[in-house]
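Given the structure of chain A, go ahead and fit chain B onto it with the hints provided.
Number of protein chains: 2
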Amino acid sequence: MDKNTFRKHGHEIVDWIADYFESVRHYPVRSRARPGDIMSKLPKEPPAGGEEMEVILKDFRDIILPGMTHWQHPGWFAYFPANNSPASVLGEMLTAGLGAQCMSWETSPAATELEEVVTDWLRQMTGLPAGMKGVIQDTASTATLTALLTAREVSTGYSCNETGLYGFPESREEQEAGTGKATPTGIGNRSGEGTAEGPALRVYASAEAHSSIEKGVRMAGFGRRNLIYIETDENYAMRPDKLEEAIKNDIERGFSPACVIATVGTTSSTAIDPVDEIGAVCKKHGVWLHVDAAMAGTAAILEEKRDLMKGAEYVDSLVFNPHKWMMTNFDCSAYFVRDPALLIKAMSINPEYLKTSKDAQVNNYRDWGIQLGRRFRALKLWFVIRHYGVEGLKEIVRSHIEMARWFASQVSGSDRFELLAPVTTSLVCFRWNDGNTPGKDLDHINRELLKLINETGEVFLTHTLLSGRYTIRLSVGQRTTTMADVERAWEIINQNIKNSLQ
Amino acid sequence: MDKNTFRKHGHEIVDWIADYFESVRHYPVRSRARPGDIMSKLPKEPPAGGEEMEVILKDFRDIILPGMTHWQHPGWFAYFPANNSPASVLGEMLTAGLGAQCMSWETSPAATELEEVVTDWLRQMTGLPAGMKGVIQDTASTATLTALLTAREVSTGYSCNETGLYGFPESREEQEAGTGKATPTGIGNRSGEGTAEGPALRVYASAEAHSSIEKGVRMAGFGRRNLIYIETDENYAMRPDKLEEAIKNDIERGFSPACVIATVGTTSSTAIDPVDEIGAVCKKHGVWLHVDAAMAGTAAILEEKRDLMKGAEYVDSLVFNPHKWMMTNFDCSAYFVRDPALLIKAMSINPEYLKTSKDAQVNNYRDWGIQLGRRFRALKLWFVIRHYGVEGLKEIVRSHIEMARWFASQVSGSDRFELLAPVTTSLVCFRWNDGNTPGKDLDHINRELLKLINETGEVFLTHTLLSGRYTIRLSVGQRTTTMADVERAWEIINQNIKNSLQ
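Respectively, the protein sequence lines represent chains A and B.
Mapping of the first sequence onto my numbering: residues 1 to 502, in sequence order.
Mapping of the second sequence onto my numbering: residues 503 to 1004, in sequence order.
By construction, these hints were calculated from the structure, which means they are not laboratory data.
Built from N, CA and C at the ideal position, the CB exists for glycine as well.
It is possible that part of the hints are untrue.
[What the hints assert, rightly or not] Chain A side only, calculated, beta carbon under 8 Å to chain B, not exhaustive:
1. H9
2. T142
3. N329
[To be verified] Dumping the calculated DSBU-like pairs for lysine-lysine here, alpha-carbon to alpha-carbon at most 30 Å:
4. B:K812 to B:K860
5. A:K358 to A:K133
6. B:K942 to A:K358
7. B:K543 to B:K560
8. A:K8 to B:K510
9. B:K635 to A:K58
10. A:K3 to B:K505
11. A:K58 to B:K860
12. A:K451 to B:K857
13. B:K847 to B:K750
14. B:K857 to A:K498
15. B:K860 to A:K498
16. A:K355 to B:K942
17. A:K394 to B:K546
18. A:K3 to B:K510
19. B:K1000 to B:K942
20. B:K1000 to A:K355
21. B:K812 to B:K896
22. B:K510 to A:K394
23. B:K560 to A:K358
24. A:K310 to B:K546
25. A:K305 to B:K546
26. B:K896 to B:K953
27. B:K560 to A:K3
28. A:K440 to B:K510
29. B:K896 to A:K44
30. B:K1000 to A:K358
In isolation and in its complexed conformation, chain A is listed as follows (with noise of 0.2 Å):
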């Protein structure tokens, strides 16, 4: 493609983009494809020939756009948003243009030291204790397993990496000679190498905690059955006598507690666990403390909220996704940690071909986190805090704050709405419920309500389980939703309730 034909496709698409910004809310929220559609109208093979940009595009538009749920719908209150923003997409487009890989500090030196300076602003912003510090990830998920490897191998002084989680049955001499026994063991202990013996590790976290977390524990190799999950309150968050309870119980049993994992904003309802009186207990007993603050993270730069970081002086490491709520492309997850050196022992690998003659200056963060290549995601985040400044960023963020709030007194002050959770930043946890529906089926009633609210293309909301109940769930976070956009949502709810009861 030469210089001109890209310059015309790009200007193209940059028009094109700042079109939809405007005209998704014109699209239905979720797309209305059924299975199967997009790849009926896609060839089985790939071209021989290179085509025209014309027509590749004019597919995108005919094809893939029917097939396309819109995030960035204003009437978007399902799951979590996934922002992004104007100055977002041109740090996105820079950092595509520029094609850096970005594993080490020399591959792109201004990557590296940029996402040094960025992660410590938005440490400074969500009030996170001097001295932490941050590494951009690409979700929550992979960032939520760095701190359970980090935990288990500090659990275990470090010997899990060395000789498997169950222990090792052969010394490095017997390995060498091919001469020792396999027989099984039991985990690494503390001593650092591994001599077989040491009790089976535990993690904890709320009954309300993210799927992410259990598949950590899988991934990580603790076994689903080593997560014990703590009881909640009746606002669901973590109960700390409980898990101080549960913790106790295994030490006596000759169990290791490894990790707790406390959630500051959980998925179904945001709940936000207590994480100073946790943090005391992992204290007390020494067990590694991770905060899942995914969502509701991007809250504490109000002043107001600054307590959804109370007890961040417990905390080993922190993740929260600027990706959902800070108006920056996914993916960009936010992980932060107390102490740098423990992160990097359990993560790095230093091959020759990997060297450089600066690494002993420099942070490489292919060392603090999983995957070796990283895309240069510092750049939007620069970009889009610089833009919006942080009295912009606490503004939007405030509104759908406020938002979710009217919303919530709409359904408490309604007779036949009831609240299933306290709204503690900007998800709405609700169900229809008269109250004068003897046998009625209420998970039925909510589920078709639901299906039918969402068919009207205008919003799209999702749903959960609390306490068993099915519960739907708003979720006010889009950059451009406004409070009209709101009204219209409780209204389209009003209205289609009639339907949903037949």
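Coordinates of chain B only, in the frame set by chain A:
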């Protein structure tokens, strides 16, 4: 940012990228920044108020750009390439503008279905067996970790996910009652219900395998000492006889072989492990075979290189990176499996809040890898394959191989240089050695030579160790590299010998 401001800066950035594609040749390939240079120019605190994009973009040019190492420079001969291309950048722009998070089919049907189609195109293009299914992951690191986790679960009847790598000391009933004892026991067995018996799992890879394999083995909890490095032949390829010997010896001693990782194109020298012979060994002993073809996999699109995929019928999983050598922006890694059901069983978690009514009919790619959140990566790959066509991609890859061959012929024809490994695709491993320097430290001389070459700023080459010898690597693969650039590299190398000998 209003629409016109976005358009203005968007057009400006498109024009800048168009210019950059051409002007990148005039930057020093490797940034000349010293540690701290960039950071010292950035404010330590985030701005309270928003800033104009003009200012931000000026800072990008003045502060960030001098700190970039230019992966798209035609003088890029370092590591492996990370291609981009105009078509790919256009695709990335749209992905950024749409801002969709494609974890599930429902969160963007087109993203899922396009991914299914384009990964099948890749399968056909590289000659992988019909029936293998592809998924896009971010990097080969995570794809390899995914393979190791699947192999771990398959080899233990899916009990590790449940009970952990060291088996589980409690029954479910004991766990619920909190009465079990934490007697360390050993790995989960093959019965599926982890009754805490079973031998230690083993993983095998060549001594030249990539560091991400050792890292994956650690992360998945096998323990580094259960990664058995298999001796290579004189071409740095795994010796299948040594592999079989190791597997047999392990079985005799009670270990459980879980996974063999063959490399098609090692990082140090692009050595090609004999997948067919290795596959026969794996089949015989029932061991999962994963192939790391991160770089060289792309070359299999050439008829004359189709033998890179020889033995593919034995392969359980395979990864190669379109983001390396297939003109597609980082990140875009293609992971193929013979039986997706085995993968999904190992990786899926399905909490209520992610369930949709279509789950039984569609692929939810969140269950095909580590992360929950997923970018719409298929779009850029679709743009690239359609824009170039298969023949266009072949032409570029073929030309890189020819340039590498020419360079290798210069080396082998010179009495001052020697080749240190066969040139299997597009990487040349060589060093200065005039054969007439008894007592001279060849490692030192070549280290100095590489330093001087890279200081020119015209080219960037990196190094490795082969049989303990300091080796200079010239990797051809940047999209715009021409024969003249390779000739110039050869010239620069020769010009700098004199100084490196001082």
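Discussion item. Can you confirm whether the C-alpha distance between K812 (chain B) and K860 (chain B) stays at or below 30 Å?
Written reply: violated, 38 Å
Practice prompt. Below or equal to 30 Å on CA atoms is what counts here, so check K1000 (chain B) against K355 (chain A).
Written response: Holds, at about 25 Å.
Worksheet item: Does H9 (chain A) meet its interface restraint, that is, does its C-beta lie within less than 8 Å of any C-beta in chain B?
Response: holds, 6 Å
Practice prompt. Take a quick look at whether K857 (chain B) and K498 (chain A) sit within 30 Å of each other, Cα to Cα.
Written response: holds, 25 Å
Worksheet item: Going straight from one Cα to the other, do K896 (chain B) and K953 (chain B) come out at no more than 30 Å?
Response: Violated: K896 (chain B) and K953 (chain B) sit about 33 Å apart, past 30 Å.
Worksheet entry | K1000 (chain B) paired with K358 (chain A) [C-alpha distance capped at 30 Å] | Since the Cα atoms of K1000 (chain B) and K358 (chain A) sit roughly 25 Å apart, the hinted pair holds (cutoff 30 Å).
Worksheet item: CA of K394 (chain A) to CA of K546 (chain B), is that 30 Å or under?
Response: holds, 19 Å
Discussion item. With the threshold set at 30 Å, check whether the alpha-carbon distance from K896 (chain B) to K44 (chain A) stays at or below it.
Written reply: This hinted pair holds, its Cα atoms lying about 19 Å apart.
Practice prompt. Measure nothing beyond the straight line between the CA atoms of K310 (chain A) and K546 (chain B); if it is 30 Å or shorter, mark the hint as holding.
Written response: holds, 24 Å
Practice prompt. For the pair supplied as a hint, K8 (chain A) and K510 (chain B), confirm whether the alpha-carbon distance does not exceed 30 Å.
Written response: OK: K8 (chain A) and K510 (chain B) at ~14 Å, within 30 Å.
Practice prompt. Measure nothing beyond the straight line between the CA atoms of K3 (chain A) and K510 (chain B); if it is 30 Å or shorter, mark the hint as holding.
Written response: holds, 19 Å
Practice prompt. Take the C-alpha atoms of K510 (chain B) and K394 (chain A), compute the straight-line distance between them, and say whether it is at most 30 Å.
Written response: holds, 26 Å
Figure legend: structure checked against the earlier numbered hints; hints not met, in rising order: 4, 26 and 28.
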